[in-house]
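Chemist: These are the residues of each chain, in order.
Protein chains: 4
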Amino acid sequence: MNTAALDAGKSSAGQFGGPMAGPIDQLRAIGREFHARNWSLGTSSNYSVVLSQEPLELLITASGKDKSALGPDDFVRVDAAGGVIDGSGRKSSAETLLHCLIARLVPALGGAAVGAVLHTHSVWATLLSGADLPRGSLRIEGYEMLKGLEGIGTHETAEEVPIFANSQNMTELSHRIRDRLSAADWSNLSRPPCHGFLLSKHGLYTWGRDLAEARRHVEIHEFLFEAVARSRSLSGPAAAGAPQPAQPRRQPQQ
Amino acid sequence: MNTAALDAGKSSAGQFGGPMAGPIDQLRAIGREFHARNWSLGTSSNYSVVLSQEPLELLITASGKDKSALGPDDFVRVDAAGGVIDGSGRKSSAETLLHCLIARLVPALGGAAVGAVLHTHSVWATLLSGADLPRGSLRIEGYEMLKGLEGIGTHETAEEVPIFANSQNMTELSHRIRDRLSAADWSNLSRPPCHGFLLSKHGLYTWGRDLAEARRHVEIHEFLFEAVARSRSLSGPAAAGAPQPAQPRRQPQQ
Amino acid sequence: MNTAALDAGKSSAGQFGGPMAGPIDQLRAIGREFHARNWSLGTSSNYSVVLSQEPLELLITASGKDKSALGPDDFVRVDAAGGVIDGSGRKSSAETLLHCLIARLVPALGGAAVGAVLHTHSVWATLLSGADLPRGSLRIEGYEMLKGLEGIGTHETAEEVPIFANSQNMTELSHRIRDRLSAADWSNLSRPPCHGFLLSKHGLYTWGRDLAEARRHVEIHEFLFEAVARSRSLSGPAAAGAPQPAQPRRQPQQ
Amino acid sequence: MNTAALDAGKSSAGQFGGPMAGPIDQLRAIGREFHARNWSLGTSSNYSVVLSQEPLELLITASGKDKSALGPDDFVRVDAAGGVIDGSGRKSSAETLLHCLIARLVPALGGAAVGAVLHTHSVWATLLSGADLPRGSLRIEGYEMLKGLEGIGTHETAEEVPIFANSQNMTELSHRIRDRLSAADWSNLSRPPCHGFLLSKHGLYTWGRDLAEARRHVEIHEFLFEAVARSRSLSGPAAAGAPQPAQPRRQPQQ
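Protein chains in written order, with the numbering used here: chain A, 691 to 944; chain B, 691 to 944; chain C, 691 to 944; chain D, 691 to 944.
Careful, some of the hints might be misleading.
For identical chains, the list gives no copy identity; a pair is met inside one copy or between any two copies.
[Stated by the list, open to error] Result set (SDA-like, lysine to any residue): computed pairs, CA atoms no more than 25 Å apart in a straight line: (1) K755 x A902; (2) K781 x G843; (3) K781 x E744; (4) K755 x A771.
Quick caveat, the hints were computed from the structure, so don't treat them as lab data.
Next up, chain A with everything else stripped away, as it sits in the complex (with noise of 0.2 Å):
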């Protein structure tokens, strides 16, 4: 067990830390500043980057690491179809096919190129997703934040985060999500339909064109979860019998 690690401390590899750090160096940071805001705990998550569309080739987390000390050797490359190509005989997590399935399908149905995935597990996913299943999807209206997901411009505006129920069957998940993504409307080429998908009592599945795009997104998607959910139980300000704003005001415009 890597004590530093523990210590939210820093990689020794070299190239740590400098801005021409490589992609398994910022995974492996990834990988820390997930596990420290708890969401990537007890080896949950998967992060990916792709390193070729044509063919597809992705540098991807191997399965069951401690996300929070992420070794040089903890990541393997992996093909289209999600299989070890690296020689290097670990084992890629289940849930591959899923950033392969990403990858692949979001540029194809005319959103941008996919640089990097990120599948995180915090409380608010895993319980938004769960309660909002039945409806389908986790509705997040009227929020500045939302301008973070790539070609938002506005908060009046509603982004509707796609749900699937949750299945360990990944050939059969990954053509649900498919299925239900190509049936999106992508005909807005600033704005996709989506930016990410829940799965449910599970964890939200993120991605864009570079790392750095990908980490804003998750970012973004688990501050609009946690605020969806707080609004949930908040009550507004005290009722009849609270005093009035003693200053005049103009009427605020809605």
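Please arrange chains B, C and D on chain A, whose structure you already have, making use of the hints.
Modeler: Leaving out everything else, chains B, C and D in the frame of chain A:
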């Protein structure tokens, strides 16, 4: 993507960390701290320091930057109209106008000189600003922590934090803010009518005579937002049947 | 008081931080991490590593130590009866008997060998163990994160975490735990009937084949405790009138 | 503004970090830790160490200092009346009188010697002290973590944390505290009637024989405040229809 910052690491600038750190290094440190506290996730937020009052010149975060990893080049100098004047070609945030407005208007109305303006996006600010928009302001009353706002010397008071409906039209929004702040009572030279304001389902704007005071104002507002929000769902002690304290006690003063 | 630890600093032991860190350094790192996560505040908690199965010998945290600042001398070696055998004169925790019980009993019942036992005090564990004590166990069902518990390969399952009424009589308590664990069904060699248990209004005991697995089990249990507790007060999506998702969608599989 | 502290960085003082760190460095470390935990935001809080009992002399944080960045000069030495006696001209906090009162009174009433007094402002302390002020004290019962308070050896007990209505008149407030503490029962030499007290909608005062014990008392009180507050809105397990645990179990002891 600068991985060093992902570990809440230190800036590589030589000046960083010393008590003589200039405004750029101070703002970079603010970014790391606020991002770690979930107040500046996903490239949200913007921070400025007033370099000069006449003519007005601000140093402000450039648009769309990861606040956990602000580099020395992620800032622009702007004039009173929010125009970039440092020849960098970098884009300042759309919300620069609000920083300029605050920096000019607050002293003009009789408030203290403004040395820095900080805009943050916390979940509690986002939720309360949405819930209390119909009322027009968020009332915070009776808390000792109110004394962290400049000019407040007692808990026996209430602060009404103005809430404005959010807008993407910065000109229109800045006019509404200007009109409402101008209509408030600034005649008490030691205590302004507010120390910040909220944009609904968006976040907090606050300021101070220098960056340290502005940062303190962020911390105080954010603490109070959490206290107010949580208080709306906290019950009192166990109902009838709860044991009375065993020791005799004086009647508590209210 | 060791101030270095207060800053979540690094241990001063030479071995600290390397992948070859021995059990003492690993347990010191666990203490810093768990204390930072609020799972081991106020000298609570205790951690052990099994040094030898026959005869049973454990390395365990000494009594009453600040877990954020465990020093090399803050550990004792104990035998199967919990007696200190390293001639140090230091006192082991009263709860040492529970570590010894788990280390001996779980393999004897058919579970995997126990290499480490971790006991933590989180708010969520404290609350749920109190709330569900009448039921006798805490039911956790349907979460993907259950797969972080050794031997669980699907979310379509439920884990019943036994809850024992707390007691200061360690002998009596260990007998109750022994009797109840012995009565459980250990016949599934790949999946034990539980991976930990709760003491009411006290905390979690969990274990693993080594310290890395025990730590993973703490993280998984604590994540699930928070998810279960928060789910008990989370409402579903907005009631009647909530807009339906705009895009046609397949019927979600349940 | 000292940017180093904004990164929860280390002090630049030579002594910092070693086990021989003196009281100033220990209090600076406390400040960084408590600020990071949201217990000392916005220059709130004050910490003291008793340098001498006869005559009473305290080392206490100077007024209005950022606790995340306390420097070596941010402390003053005061006498029993709270007057600054180190010729520095610095101002001590208005609440210094309460530190002096506790340091003198608790031992005089039969409690243990006081080596340090810590005053913190957490959201949970703020809320519970307001909610339970009518009752006069906050009752905390049945939690194992109560054993972290000196002299408490069992969970089968209740601690009544006195709550005083907040006031800006320190003389009046200190008299109320003195009168109420003096009227309590200090006859049990190993267990005092309280280990701290709350000021309504303000925060916690606690103390210890040395700084380590005072810090432990802060952690224990703050943990218990969160547990009590959250327990007031936590429901029990799923209602009628919830599956019963599958394994036979002994009747749990209450």
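Chemist: Are the hints correct? Go through all of them and say.
Modeler: Right, here's what the structure says about each hint:
Proximity of K755 to A902 under the C-alpha cut-off of 25 Å is found in both arrangements, the shortest distances being 22 Å within a copy and 11 Å between copies. Within a single copy, K781 and G843 get their C-alpha atoms only as close as 41 Å, which misses the 25 Å cut-off; across copies the closest is 16 Å, which meets it. Taking CA atoms no more than 25 Å apart as the test, K781 paired with E744 passes inside one copy only; the shortest distance there is 23 Å, against 35 Å between copies. In the homo-oligomer, the alpha carbons of K755 and A771 lie at most 25 Å apart inside one protomer (21 Å), although the nearest pairing across protomers, at 36 Å, exceeds that limit.
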